[in-house]
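Novice: Now for the letters of each chain:
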Amino acid sequence: MTLVEGLDAEGCALREGTGADAVGGLVPARVALPSDTRALGRVMSAAAGEGLTVVARGGGTAMDWGGLPRGLDLLVDTTGLSWIEHIAGDLVVEVGAGTPVAELFEVLAAAGQRLSVDPVRAGGTVGGMVATGVSGPRRLLNGALRDLVIGMTVVRADGVVARSGGRVVKNVAGYDLAKLHTGGLGTLGVVASVAFRLHPVPRALRVVTRPVPSGAHAERMLTVLRRSTVTPSAVELDWPPEGPGSLRVVLEGTPEGVEARVTEVVEALGGESAVADTLPEGWGLLPVEGTLALVSVPPAESVRAATRVGELAADADVRVSGSARSGTLYASFPPGTGAVGVETVLGGVRSTPGWSATLLRAEPHVHAAGTDLWGEVPGLPLMRAVKDSLDPDHRLAPGRFAGGI
Amino acid sequence: MSETEAPRTAVAALVPRLREICGEDGVLTDTSRRRTYESDGLPHHHALPGVVVLPTTADQVAAVVRLCAGNGVPFVPRGAGTGLSAGALPHAEGVLLVTSRMRRVIEIDVENECAVVEPGVANLDVTRAAAPYGYYYAPDPSSQQVCSVGGNVAENSGGAHCLKYGFTVNHVRGLDIVTPSGEQVRLGGKGPGAHGYDLIGAFIGSEGTLGVATRVTVGLTRSPERTVTLLSAFTSMDAGGRAVSSIISAGVLPSAVEMMDALAIEAAERAVACDYPAGAAAVLVVELDGPAVEVDAQLAEVTRLCSEAGAFETRTASGADERARIWKGRKSAFAAVGRISPSYIVQDGVVPRTALPEVLRRITELSAATGIRVANVFHAGDGNLHPLVLFDDAEPGAAERAEEVSGAILDLCIEHGGSITGEHGVGVDKACKMPRMYGPDDLATFDLFRRALDPDGIANPDKLLPTPRLCGERPGVRKGVHPLVEAGRAEQF
Ligand SMILES: Cc1cc2nc3c(=O)[nH]c(=O)nc-3n(C[C@H](O)[C@H](O)[C@H](O)COP(=O)(O)OP(=O)(O)OC[C@H]3O[C@@H](n4cnc5c(N)ncnc54)[C@H](O)[C@@H]3O)c2cc1C
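Protein chains in written order, with the numbering used here: chain P, 4 to 408; chain V, -11 to 481.
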């Protein structure tokens, strides 16, 4: 009996991997289901003892994000780490990594609070949301996901359970290691739990939608919005391959305040705006299929980047959407788009100074073509040094991260 | 060795090279000039730096650090020296690398709502440069006239308004750093960080232990359409605390919620005649900002909530001068305490906001039991306490007793699930307290990260993490059983 097998009795169910557990075409020999952080620690130390490569899985909605893992002996399913400790009076919550995001949101909403993040995938867990690190449109008031994490417990490659941060909003003791794990795709440790700062749900919400027939028009609208003091929660650009694009401005606050701000925005943007009091269906969600790129540019160049991606994509119907006010855009390629088409877009974006493009998710044939998911990554040697210190044997999702980390 | 010479150590041997790099006027070896740098804002920790350098460019910083790295000489970055945890305490055999000659605001980019600055730029100068365009730099530590943006980055500083606007880390988009090996790396830029590990996020708050920030791109915030400040007076701290809770739970997010107790009010009154309502046992300063209509709606609500919680007087101010009058008492409080006590310790600890009433009661008990007076001035909105522990240093043993009370307050913070520092950092001052907040495994992990970037331990050594030299024990020594030992595979490690 191996060490890992010996875990079965200790709060950690174990089974053989199947095709359904495959990550990047690799079927893990075994799948472990720890029931709590300690059990996760035991799994990880047993895996270390045997020198196993490990990939963590939460809701399984983003196993095709990042690079293809070079090895996968053990898949750690975190869904057993599902718990919510909501300290409503302090506007803080600590959550087990395997907790479904939807469940967390329900619990918070019942108390009139929220984690001010729009998930980009449905059906995920908190750990997966944090490990992929990407957040949706409403980021202008309270920040992006990384700004809302106040503490994290992570199990290291060697099984050591380590915490950074805490459960208070203000805390500068120690290094903020949670920043490294947020968006780290599980390559520096397996996230066991996360503490977030919360916000009260604003009493009123309005969405002003304005069609923008041309890039020049969109630029004008954005300039007008930037000059005003209406403080939107989101300014979301949608730039479909054909037909007019649109801008969506989300305003949140008191009922009286929001009414007046809507009027201001509608006047500023001109006549044809539509106003709704709920978010549109599928708000913030990215397509679940096809190659997906994150394009990051100085905010004032958002529209130019969106139109440029459209041009570069030529007849591949790429849709660009994202937070125009912050310069975070997503380019979604239709399923089946060839590697050459994807690379043309990546190359064009990357060759513009100040712009970057990362493939969050590449289809198998894009991986097969050897497309560079990351482009040039400033600070890569430092990142390698961090990886070497926290996972010296490179057993955690090797290959999934930038530079083959 | 004569008084005016640099000490004859490894660092002294570097002086000629340092002069080549930074110029004659960029290297200070003279004892009296070095002495002006012997401490930061926490003067009871002091040491004469081996040598002081004042580089003017990132290339010079990199060359200095490379020289240090090549010779195993430690370096300590320093900005304006206002830090309150002795993070910029010099190393007697090291190079003190001061950014005060790197003070250019390189660019205000209105379209991209950001500023690019050198690390020595004073925090308030960013706002001054942005103000003509209707923008400001949100993090506003009380020391903002003096403290440097580089120091803010190193300490992840915040100010009274961080309740709504967050800390330095929430505003930095790009960072040029010189690593402890002397490498120059540009992270991020005007756009949002896109790929790789969030090294910017991890560097911020690293207290100079991971290298030197040489250029910072910060996001600018649109100046709010309206700002209103409200002063509410209560007959008890509990009532004031109740008001804070009800404001926050009503869903109002003020930009600042500050509280002062009777002793702090008394001190401020004597120092600056701030004219706070007579007989107040607690005052609350609440600031609301944003679109005018929102602020007006919130103001009505906050006023109502304060009076429901028992406020006997509430004043509001919307003009800049009137607002400044309300803030005057709060802002002068630290210095004002000097009027009512010969000496004092400024503590910085955090508790969950809901634990505030309990912790304040315990502080009162502690004060009564020891006879040491404690004035409370704090960021009530986020539970960040700044108790001022008063003592008379002429009285034998008083300083030690005050230290004990100050330490006991930190213990209260930890006991209630809080933090040993909300904004002043760990530095030297609290390095030995880290093991009370974090376990051995947590500390060992911090150390692994630090060593990844500074394997030779030359970047601001003996700060942030406990070391044997400081605390008499090895840092991060694990006391429990290593998980691998538990798993029966100890021999592997
Ligand atoms: C009266 C007073 C009020 C204060 N109020 C506040 C407050 O409201 N909020 C708050 O957060 N703090 C406050 N502080 C603390 C202090 O002002 C902040 O920590 C500030 O950010 C320090 O900046 P500095 O330039 O003075 O840094 P220094 O004191 O020179 O250095 C602080 C630390 O930063 C490192 N460092 C400095 N520059 C760099 C650089 N370029 N690269 C890497 N590391 C660097 C140093 O090594 C040191 O560890 C206050 C201090 C005083 C004296």
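Check the hints yourself; a few may be wrong.
If you want the footprint, here are the derived chain V segments under chain P, 3+ residues with CB under 8 Å [unchecked claim]:
no.	region
1	145 to 156
2	162 to 174
3	189 to 200
4	416 to 430
So, partial list: chain V residues that the calculated Cβ filter (under 8 Å) puts toward chain P [what the hints assert, rightly or not]:
no.	residue
5	E99
6	D263
7	R439
8	R457
By construction, these hints were calculated from the structure, which means they are not laboratory data.
No experiment lies behind these values; they were computed from the predicted model shown.
Here a beta-carbon is modelled for each residue, glycine too, at the ideal position from N, C-alpha and C.
Novice: Now, for every hint given, state plainly whether the structure supports it.
Specialist: Here's how the hints hold up against the structure:
Taking a C-beta to C-beta cut-off of 8 Å, the region 145 to 156 of chain V contributes 4 residues in contact with chain P, enough for the three needed, and the coverage statement holds. Under the rule that three or more residues need a Cβ within less than 8 Å of chain P, the assignment of the region 162 to 174 of chain V holds, with 4 such residues. Here the region 189 to 200 of chain V counts 5 residues with a CB under 8 Å from a CB of chain P, which clears the bar of 3, and the coverage holds. For the region 416 to 430 of chain V, the stated coverage by chain P holds: 7 residues have a C-beta nearer than 8 Å to a C-beta of that chain, and at least 3 were required.
Taking 8 Å as the C-beta contact cut-off toward chain P, the hint placing E99 of chain V at the interface holds, the least distance being around 4 Å. Restraint check, D263 of chain V versus chain P: the minimum CB separation of about 30 Å is more than 8 Å; hint violated. At its closest, the beta carbon of R439 of chain V sits 6 Å from a beta carbon of chain P; the interface hint therefore holds under the 8 Å criterion. Hint status for R457 of chain V: violated, given a least beta-carbon distance of 19 Å to chain P, over 8 Å.
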